[in-house]
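Same order as they appear, the protein sequences are chains A and B. Using the numbering used here, you'd call the opening residue of the first sequence number 49 and step up by one each time. Using the numbering used here, you'd call the opening residue of the second sequence number 49 and step up by one each time.
Everything labelled a hint here was simulated from the structure, so no lab data went into it. Ideal Cβ positions, reconstructed from N, Cα and C, are used throughout, including at glycine. Errors might be hidden in some of the hints.
[Claimed, not checked] Using 16 Å as the maximum straight-line C-alpha spacing, the simulated EDC-like pairs for lysine to aspartate or glutamate come out as follows:
#1 B:542 with B:448
#2 A:52 with A:106
#3 A:103 with B:102
#4 A:278 with B:277
#5 A:103 with A:182
#6 A:111 with A:139
#7 B:103 with A:102
#8 B:52 with B:126
#9 B:278 with A:139
#10 A:52 with A:120
#11 B:388 with B:302
[As the list claims (entries may be wrong)] Just so you have them, the derived chain A footprint on chain B, three or more residues with Cβ under 8 Å:
#12 70–83
#13 88–101
#14 236–249
#15 278–291
Number of protein chains: 2
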Amino acid sequence: MEAKLQELKTRLMEVDDLEHANALLAWDQTTYMPPGGAPARGRQMATLARLAHEKFTDPAIGKLLDDLRPYEESLPYDSDDAALIRVTRREYERNTRIPSAFVAELNEHIAATYQSWTEARPANDFARLRPALEKTLDLSRKLADFFPGYEHIADPLIDFADYGMKAASVRAVFAQLREQLVPLVQAITAQPPADDSCLRRSYPEDQQLAFGEAIIKRFGYDFNRGRQDKTHHPFMTKFSLGDVRITTRFKEDDLGYALFSTLHEAGHAMYEQGINMAYEASPLAGGTSAGVHESQSRTWENIVGRSRGFWQHFYPELQKTFPDQLGDVPLETFYRAINKVERSLIRTEADEVTYNLHVMIRFDLELQLLEGSLEIRDLPQVWHDRYQADLGITAPDDRDGVLQDVHWYGGLIGGAFQGYTLGNIISGLFYEAALKVHPEIPGEIAQGRFDTLHGWLKTNIYQYGSKFTANELIERVTGGPLRIEPYMAYLRGKYGELYAL
Amino acid sequence: MEAKLQELKTRLMEVDDLEHANALLAWDQTTYMPPGGAPARGRQMATLARLAHEKFTDPAIGKLLDDLRPYEESLPYDSDDAALIRVTRREYERNTRIPSAFVAELNEHIAATYQSWTEARPANDFARLRPALEKTLDLSRKLADFFPGYEHIADPLIDFADYGMKAASVRAVFAQLREQLVPLVQAITAQPPADDSCLRRSYPEDQQLAFGEAIIKRFGYDFNRGRQDKTHHPFMTKFSLGDVRITTRFKEDDLGYALFSTLHEAGHAMYEQGINMAYEASPLAGGTSAGVHESQSRTWENIVGRSRGFWQHFYPELQKTFPDQLGDVPLETFYRAINKVERSLIRTEADEVTYNLHVMIRFDLELQLLEGSLEIRDLPQVWHDRYQADLGITAPDDRDGVLQDVHWYGGLIGGAFQGYTLGNIISGLFYEAALKVHPEIPGEIAQGRFDTLHGWLKTNIYQYGSKFTANELIERVTGGPLRIEPYMAYLRGKYGELYAL
């Protein structure tokens, strides 16, 4: 058994090496690669994805998994070996349904589409991307169809990102959330808007960068095992548990733009950096779902990084960094500015309260596209219509409309967005659980200390990687299933106080 | 036949994708990777190298090469298809002798050793590297022994880098060169040394970077298909014909340090950027030998970049960039400073005249190590002794002694150095051939124009990639074999004038 387990691990390591080499190709593509590198890069990424898929779906792995079943069944559910075999089997059964040639085609298409998007978005040119996006939709449907028996065609794609969720279950949670969010947004936006002009002054990029990096170092992001680079659309990526990187971008006239993105991506990265090193180069060495991953980015970005206590400690440091810009701005003005609630156009810059409405638009449109009730050619208009209906505003162009998010242009249509709102909900659940054990956490944050929170997250979430599913993790941590109440209570508490509701 | 050729090309492309993904892993390792990434990176590079080797040595490729032999023989020698089959067969026959497991072991060892060197060199700690270097020597010998029947154990390793050369033939050329160089060095160093203090003023890094990049843009290095990053030890690397990158490093108090390194690496890169795009992702898509590659870096660094004509045009621009540092320095003083001949310690910073003596030391030590007449433990002392004997100076420590070059710590012992001096010799040969057809080139350089020279090099050298061997290329371009006379004539002309010999 030991020899078989070792052989499985060796094979999985080879797959992991190919996948993480491919992650570096992708990171480089979006950070440093010159334009001339694009055609070959797409082909290279497709080749590595195909080889990784071929290696992972090798029947020898299936045989090993079969042979290891008695051993797995002899172990407690939460032993590392049992988890490795269980999670590998789940991934193996999923991946063996997808032909390697399809994986190569999909990856090559995505790489080429991403490259076009980086040029088409600044040019506001949706038409140029339309044929590529139609192919993406077609490939997304084909991918779903490798998993027949679904209730909704989006189900397999949602399951990839958020194992255990389906279109129907996401819709149910989202409906519940929407019902409570819409009146909250209405109550807040009926009041005079916060003044956030202090964020729009001129903030030199170098100082923004240094300040943001100083903060995430304090959070516990380990720069010996990571770094930050510039890109179009920020992301976190991992090349090994010892090398977990983040990216960001800057606007000189928007202080929050880079800063909160950096805190967000650092939250993702701290999750990965916190995984048990014994899982290195195995399917356990990664966050367990899109939702749980997002819960960590939102915890550090919002629950911590937009809290009054946090800025009670850090605002004087920020003022020292930018004396000309913020010397005359009181803490309370700044705190209200970074938590300004407004009906806005850009998801990634949206406040905590309206953010989920942005996500729901995309989630609904994904389902409609996959169902065939919406055509790609109508997408830009329907996007504008939905923003008008849900948020009461319309973007002046597609650049800040349907072209704003990289997801459909750098990945699949389907399964790309629900994780963002699930993440918000889960961040509320986990933070409530942490406070139950450590009520001192908010006080520590107000002193610029994050050890207790970071430690609790490492112990209860991070270390496990993908050992437990999202639902298992939620059950273990909170003693019950996914529920929206703690998150809504967090929002109501914070914004009720801010807007005296 | 067409189908078989296509299948061969498809298989070669897959190998190429793995190799160039690996090149990116290596580039990242030496530019941006955080320290924590090192252990996994070594393993990942080993895996990709092993897979590339397995794919390339697949008997199916051998079968295709056999099947394609009649087709190859029906074609003229210089047809692209004939060259592809011929060069692939040469590489296939070489690579099938080396077991894949050995390739993986070698690559993993090299990656780990490189990482240690980046820490051990600043710490002047040769002892720490000794066990690794002993293993490198052992692996280098093993590699040579996969090619029995050699005259000298270094022959297979020299042949990898400079196909068609052997220890004996390199020794013969080097002896000839040495005989003429030593009296030249003696004659020059008997005179008062040039004053190069103007290069030692304070030159801010950003302006150095901008000036260097402006120059190589003028040379014809295409930044749409490349970029420059910072590293410990400058190099050129390629991820595709559309993405050929260079690296450099800076010293604020040494203007020549980064500048000439940038011109040098740009020369390598322009060679790769000039290869026929039809060769993309095949064994033809790379420079044909270490020597020919180096001839191009040295052409742009020295023959062009350290010529009086070049600076007649660019020195006013340089003075404008650094008015405080160079405003009071006449062109002639600057020209003499950048061509100062002296007995110095560091190969990469050595002048054109003494440079080859540095190379010969390393070449001789490699042969002795491989033969077993020199032990790794004695290497630091023997290094110092040779510098004393050949150049009349001794480094104060190993940092600027045996630890100075990355080659043995980031690659094999054997075959690593002869290409540098062969490159100098070849640069003289090719430049003489270019001037025969285009005597106007020096005049154009003095006007800051490089089109004629760059065009001639593209047409006669670059476009061919590895289609012709170094010896074939030299024969085609000069009508004869490798000879040192044009290079020595160039050195005698330039330095005879400078030092009134």
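Hints and how they fare:
1. Proximity of residue 542 of chain B to residue 448 of chain B is assessed by CA-CA distance (about 29 Å); at most 16 Å being required, the pair is judged violated.
2. Straight-line distance between C-alpha atoms of residue 52 of chain A and residue 106 of chain A comes to about 15 Å, which keeps the hinted pair within the 16 Å bound.
3. For a cut-off of 16 Å, the pair hint linking residue 103 of chain A to residue 102 of chain B stands: about 14 Å separates their Cα positions.
4. For the proposed pair residue 278 of chain A and residue 277 of chain B, the alpha carbon gap of about 14 Å is at most 16 Å, so the pair holds.
5. About 30 Å separates the Cα atoms of residue 103 of chain A and residue 182 of chain A, which puts this hinted pair outside 16 Å; it is violated.
6. For the hint pairing residue 111 of chain A with residue 139 of chain A, the CA-to-CA distance comes to about 14 Å; that is within 16 Å, so the pair holds.
7. Between the alpha carbons of residue 103 of chain B and residue 102 of chain A the distance comes to roughly 14 Å, so the proposed pair stays at or under 16 Å and holds.
8. Distance hint between residue 52 of chain B and residue 126 of chain B is unfulfilled; the C-alpha atoms sit about 20 Å from each other, more than 16 Å.
9. With a CA separation close to 40 Å, the supplied pair residue 278 of chain B and residue 139 of chain A exceeds the 16 Å bound.
10. Taken as a hint, the residue 52 of chain A and residue 120 of chain A pair is honoured in the structure, with Cα atoms around 12 Å apart against an allowance of 16 Å.
11. Of the pairs offered as hints, the one joining residue 388 of chain B and residue 302 of chain B holds, with about 14 Å between alpha carbons and a cut-off of 16 Å not exceeded.
12. Coverage of the stretch 70–83 of chain B by chain A holds [criterion: at least 3 residues with CB-CB distance below 8 Å; count 8].
13. Check result for the stretch 88–101 of chain B against chain A: holds, 7 residues qualifying (beta carbon to beta carbon below 8 Å, three or more required).
14. For the stretch 236–249 of chain B, the proposed coverage by chain A is not satisfied: 0 residues have a C-beta within less than 8 Å of a C-beta in that chain, short of the threshold of three.
15. Figure legend: the stretch 278–291 of chain B, annotated as covered by chain A; annotation consistent (5 residues with Cβ-Cβ distances under 8 Å, at least 3 required).
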